[in-house]
Amino acid sequence: MPTSDQPRSTPRFHPATPFAASFTINSGPADVNIRDLSVTGAQIEHALPIKPASRGTLRIGSLNARATVIWSRLAAPGLYRSGLRIHEELDVVAAMIRDLLGRGVVRKQDSDIQLRKAEARREKEQATMRLMRPIPKPTGPSEEVILLIRQARERMLMRPEDAVKWYNRARVTATEEQLRIAESGRPNREDVLAVWEYLDRSVDLRFVVLALS
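Sequential numbering from 1 applies to the sequence shown in the numbering used here.
One thing to keep in mind: the hints can contain errors.
[As the list claims (entries may be wrong)] The calculated SDA-like cross-link candidates involving lysine to any residue, where the alpha carbons are at most 25 angstroms apart (straight line), are:
(1) 165 to 139
(2) 108 to 147
(3) 108 to 59
(4) 51 to 36
(5) 51 to 20
(6) 108 to 165
(7) 108 to 140
(8) 108 to 62
(9) 165 to 179
(10) 108 to 128
(11) 165 to 189
(12) 165 to 147
(13) 108 to 127
(14) 108 to 189
(15) 51 to 73
[As the list claims (entries may be wrong)] Ranges of calculated distance between the beta carbons of each label pair, as one might list FRET restraints:
(16) 17 to 200: 45 to 51 angstroms
(17) 108 to 144: 25 to 31 angstroms
(18) 17 to 92: 52 to 58 angstroms
(19) 128 to 25: 20 to 26 angstroms
(20) 79 to 126: 36 to 42 angstroms
(21) 176 to 129: 27 to 33 angstroms
(22) 177 to 150: 30 to 36 angstroms
(23) 25 to 98: 24 to 30 angstroms
(24) 64 to 126: 48 to 54 angstroms
(25) 128 to 30: 27 to 33 angstroms
(26) 75 to 25: 42 to 48 angstroms
(27) 121 to 159: 51 to 57 angstroms
Since the hints were derived computationally from the structure, they do not count as laboratory data.
For clarity, every value in this text was computed on a predicted model and none was experimentally measured.
Backbone N, C-alpha and C define an ideal beta-carbon position, used for all residues, glycine too.
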């Protein structure tokens with residue numbers, strides 16, 4: 001069985017959360033949790049250290065399989081992880097894994113990886129399509145929008161102090177492109193920005209320019 005950092009030559013199956021099993025060596029049985037499993041090996045978690053090359057019996061449900069510790073390391077205080085090589089007929093271990101799969105205890109890791117890759121591909125394709133999709137250009141303001149803009153301008157004319165406030169707020173926070181669009185509405189640049197800001201920028205700035213021209 002490979003070390004924890006090496007790729008596996010056989011498919012691995014892993015649970016949503018490690019499930020209980022036992023591993024019996026000369027010092028007696030030890031409670032362990034299964035982190036992943038294949039027909040040739042398993043990765044276990046346990047509270048006490050186990051020496052590499054130790055031999056014992058791994059019990060998972062009704063399966064009792066001879067196994068050898070290939071590697072072992074401290075994963076966290078009071079928690080060890082070890083890799084086991086299982087010495088058992090492949091058909092016997094495969095039947096046990098099929099039973100775990102059928103009960104939803106484990107799932108095939110390769111399937112998860114392929115699923116994540118497919119999802120990443122879909123997200124990338126969708127992002128590419130969004131970038132390639134042309135941005136629709138406004139065809140012109142509707143009569144309702146024109147009326148809204150002109151009513152807002154009338155309010156600005158009636159309250160010039162408010163008009164100055166909205167204009168200054170818009171000028172400070174507008175981008176260079178937005179200021180350039182507003183400039184195209186001369187001599188109504190101040191009115192354009194004030195109305196646009198008063199309407200909470202909910203109307204296309206080009207529409208404001210058109211309506212006030």
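Report task. Please test the hint of 36 to 42 angstroms on the beta carbon pair from residue 79 and residue 126. Result -> Because 41 angstroms falls inside the window, the suggested range holds.
Query raised in the report: Hey, residue 108 versus residue 189, does the alpha-carbon distance stay inside 25 angstroms?
Result: Cα-Cα ~64 angstroms, so violated.
Query - Verdict for residue 108, residue 144 (Cβ pair) under range 25 to 31 angstroms - result: Violated: the Cβ-Cβ distance is about 58 angstroms, outside 25 to 31 angstroms.
Requested in this report: Take a look at whether the Cβ-Cβ distance between residue 128 and residue 25 falls inside 20 to 26 angstroms.
Outcome: violated (55 angstroms)
Query raised in the report: Do the alpha carbons of residue 108 and residue 59 lie within 25 angstroms of each other, as the hint requires?
Result: holds (21 angstroms)
Query raised in the report: Is residue 108 close enough to residue 140, meaning Cα to Cα at most 25 angstroms?
Result: Roughly 56 angstroms separates the two Cα atoms, so the pair is violated.
Query raised in the report: Cβ-Cβ distance between residue 177 and residue 150: within 30 to 36 angstroms?
Result: 24 angstroms Cβ-Cβ, so the 30 to 36 angstroms window is violated.
Report task. Could you grab the alpha-carbon distance between residue 165 and residue 139 and see if it respects the 25 angstroms cut-off? Result -> Since the Cα atoms of residue 165 and residue 139 sit roughly 30 angstroms apart, the hinted pair is violated (cutoff 25 angstroms).
Query - Hinted pair residue 108 and residue 165, Cα distance within 25 angstroms - result: violated (63 angstroms)
**Report entry** Proposed proximity, residue 62 with residue 108 (alpha carbon, max 25 angstroms)
**Finding:** holds (21 angstroms)
Query raised in the report: Quick one, are residue 108 and residue 147 close enough, alpha carbons at most 25 angstroms?
Result: violated (63 angstroms)
Query - Given pair status - residue 189, residue 165, alpha carbons within 25 angstroms - result: holds (14 angstroms)
Violated hints, listed in ascending order, are 1, 2, 6, 7, 10, 13, 14, 17, 18, 19, 22, 25, 26; each of the other numbered hints is respected by the structure.
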